[in-house]
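Chains as they are written, first to last, in this note's numbering: chain L, 1 to 402; chain A, 1 to 402.
Since the hints were made in silico from the structure, they are not lab data. Only a predicted model underlies this, so the values are computations on that prediction, with no experimental measurement involved. Treat the hints with care, since some could be wrong.
Identical chains blur together in the list; that is why a pair holds if it fits in one copy or across any two.
In silico SDA-like pairs for lysine to any residue, Cα to Cα no more than 25 Å straight-line [what the hints assert, rightly or not]:
#1 K18 - L68
#2 K28 - S282
#3 K188 - E306
#4 K20 - V293
#5 K18 - L192
#6 K380 - P57
#7 K317 - S216
#8 K188 - L223
#9 K20 - D89
#10 K20 - E183
#11 K31 - L86
#12 K327 - E311
#13 K28 - R17
#14 K28 - R309
#15 K31 - L68
#16 K28 - D89
#17 K20 - L82
#18 K18 - D332
#19 K365 - H9
#20 K20 - P64
#21 K18 - P64
#22 K28 - D253
#23 K18 - Y62
There are 2 protein chains.
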Amino acid sequence: MARISTRAHETQFSPIRKLKPLADEARKQGKRIYNLNIGQPDLPTPQAFREGLREVPEVIAYSPSQGLDEAVDALRRYYRDLGIELGRDQLLVTTGGSEALLFALLAITDPGDEVLVPEPFYTNYNSYAAMASVRLVPLETEPETGFHLPEREAMERKITERTQAILICNPNNPTGTVYTSDELRTLKEIVLEHDLFLIADEVYREFVYDGLPHQSALQLPGLEERVIVCDSISKRFSACGARLGAIASRNPDVMEAALKFAQARLSPPTAEQFGLVRLLRSGDYRREIRRIVEEFARRRDALFEELQRVEGAFCVKPQGAFYAVVKLPVDDAERFCAWLVSEFEHEGETVMLAPARDFYSTPGKGRDEVRIAYVLGVEKLRRAMRILRAALEAYPDPGRTG
Amino acid sequence: MARISTRAHETQFSPIRKLKPLADEARKQGKRIYNLNIGQPDLPTPQAFREGLREVPEVIAYSPSQGLDEAVDALRRYYRDLGIELGRDQLLVTTGGSEALLFALLAITDPGDEVLVPEPFYTNYNSYAAMASVRLVPLETEPETGFHLPEREAMERKITERTQAILICNPNNPTGTVYTSDELRTLKEIVLEHDLFLIADEVYREFVYDGLPHQSALQLPGLEERVIVCDSISKRFSACGARLGAIASRNPDVMEAALKFAQARLSPPTAEQFGLVRLLRSGDYRREIRRIVEEFARRRDALFEELQRVEGAFCVKPQGAFYAVVKLPVDDAERFCAWLVSEFEHEGETVMLAPARDFYSTPGKGRDEVRIAYVLGVEKLRRAMRILRAALEAYPDPGRTG
């Protein structure tokens, strides 16, 4: 019987992108909009990458399904520079971090299985779970504790016989939380005791501020067979549109499954792999990452400073990634975000934020929160926060709670 | 419990790629191999595409999830040139034809649903079905009838309450069959009577020889709500590594589902979309397609001519795409293909073919068949077929049946 599938119904439109039609309309009317809703940095992609892109041969052919040998080796060198040794068969080039996550989920879950995930979480996890017919079970965290993990017992209470994995994003999108080595140790113990996998989305690995350490899940001793890392070059090289990422695991069965899925889709984009190889072979690729991360550190500081001036707003200073989940003095942040774009303007300008409610799966949570992606330069960010202040002052009373 | 999923176990390694380790070994020993196992054309990607690739902005950013507006419009113009009108929301840019197929399956099936597919079929359908936990039900076709569809009743007998769609590849990979308008009409009647969808993989649309017409499923009147077309620029523009394709449907619910899946993976590759726009805006892009298709017509003729000289081989002249399924006088074509690569050589050269067995899901079928992808120039093809002849003469007797 011809019908749209249940999993299609259960997949949500991206809340990050759902205000786009309103924004398009506002722009048509001449309004200038500061886009803080989506994790798309404004920084140039490194020149070496762009040069490599041009080195693609005359026949733009499929690459091997696991990626060009040179690209796999370049990524292995990148990991080695981080102190992480990966064999030839322990890493596979994916079409963005998104595909890495899809492969990870498909490799270790069947329809009806469950995956624990700290909440709030990156909304697209919901979509991938729906596409894979898997249930995400939230581990509730709170703004007041900087969204750090709940107590071990609270996490273990969520484990059922269908639980296959814990999925973390570290540093975290949307909260900016960087998990401590104590937290990672707790996760490791849970994973071992309950015979689970740990899927770690580490696409923001280098975006860690204040000199905090970042420990990759691949560096957890004793967990080699349990860890699957999803990675992407999108953020650290400001190359979101390149659609290159990686899945890495020391579990040979996981990598065998990933290779089979990879063969089904034939090849990640070829030209971009030439870009990546050229970039990672340039000795100073880490300088490019530093340049990008230092800029985001400045932005984080500016954002946090400005947020202190927003009456009724609350946010623990984010430690990593380039997001913050901020409580606002409104009763319905989604309505407020829509109003911001379509009704409000301050000297012809306004701000686009992502309502945080959709980053939660627990009903009622995050209603008064927004996610701010600090992907614009310091001056623009400060300007955007001043607009937010003006907006909160102008927001019609019934919607204010502060 | 940490385990690899059933769907991962059920996904197969690509049979097209599984002889690669043997081939790598043979090449190391200095053997020259003619690769007729994989659908990777040797023709240059059009210059306009390569120029467009360089026009990607300084920040290689996500494109909209449905593709750059310009890319969507360029593809709509391409369809309009074929006489097919598609609205803005009836087409979405995908990461290759593979992703289009994944989105189509996920949009209209839930785990356990069934999809009918003429057999032999493109092996990666198996992988996508496994990933989507969907069962492919084969509609058996025969070499002697050029792999045309079975009688209507035989097809209808395969329909159960779980059947959601019929999936065709037209022109067909691996058989080269181009379905007649009578066959398409029969499919239409079945689809309507049994309330199904028709998924049509038309990535070889222009590869039709001898002046035969090709009718797109999008041109079947009365089936607008039931048709989902999966498309790709890989073959017609010899741009396999570009990873650009499209999903097209006039069913708004299908396209809504596809957009949700597309948003989950954020964006198809951006630089290649600039390439595509530049190419499709060049007035003579159809000349590029003609140049490629005419070359394949010559190859098809040369291959077929040479196959007549291979004693014991059987193949109806393929009408489209760039594949042929050929019966060989051997009892186990998979063993023969492995032997060809690793044991045999003729003046330092050999041939790599794809065993056809894996293009079948019915046990025992296709054992004595191979798929030949005629992706090399005429002289190389003739040479490869002479090598095949010599190989069959040299093949140890017990394996020969002819």
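Evaluation of the provided hints:
| no. | hint | result |
| --- | --- | --- |
| 1 | K18 - L68 | between (36 Å within a copy, 17 Å between copies) |
| 2 | K28 - S282 | neither (43 Å within a copy, 29 Å between copies) |
| 3 | K188 - E306 | neither (37 Å within a copy, 62 Å between copies) |
| 4 | K20 - V293 | neither (27 Å within a copy, 41 Å between copies) |
| 5 | K18 - L192 | neither (39 Å within a copy, 35 Å between copies) |
| 6 | K380 - P57 | between (40 Å within a copy, 21 Å between copies) |
| 7 | K317 - S216 | within (22 Å within a copy, 56 Å between copies) |
| 8 | K188 - L223 | within (7 Å within a copy, 54 Å between copies) |
| 9 | K20 - D89 | between (41 Å within a copy, 15 Å between copies) |
| 10 | K20 - E183 | neither (37 Å within a copy, 43 Å between copies) |
| 11 | K31 - L86 | neither (49 Å within a copy, 31 Å between copies) |
| 12 | K327 - E311 | within (11 Å within a copy, 78 Å between copies) |
| 13 | K28 - R17 | within (18 Å within a copy, 50 Å between copies) |
| 14 | K28 - R309 | neither (31 Å within a copy, 67 Å between copies) |
| 15 | K31 - L68 | between (45 Å within a copy, 22 Å between copies) |
| 16 | K28 - D89 | between (50 Å within a copy, 20 Å between copies) |
| 17 | K20 - L82 | neither (38 Å within a copy, 32 Å between copies) |
| 18 | K18 - D332 | within (16 Å within a copy, 55 Å between copies) |
| 19 | K365 - H9 | within (22 Å within a copy, 38 Å between copies) |
| 20 | K20 - P64 | between (37 Å within a copy, 10 Å between copies) |
| 21 | K18 - P64 | between (36 Å within a copy, 12 Å between copies) |
| 22 | K28 - D253 | neither (52 Å within a copy, 28 Å between copies) |
| 23 | K18 - Y62 | between (34 Å within a copy, 16 Å between copies) |
Hints 2, 3, 4, 5, 10, 11, 14, 17, 22, counting from the list given before, are not met by this structure.
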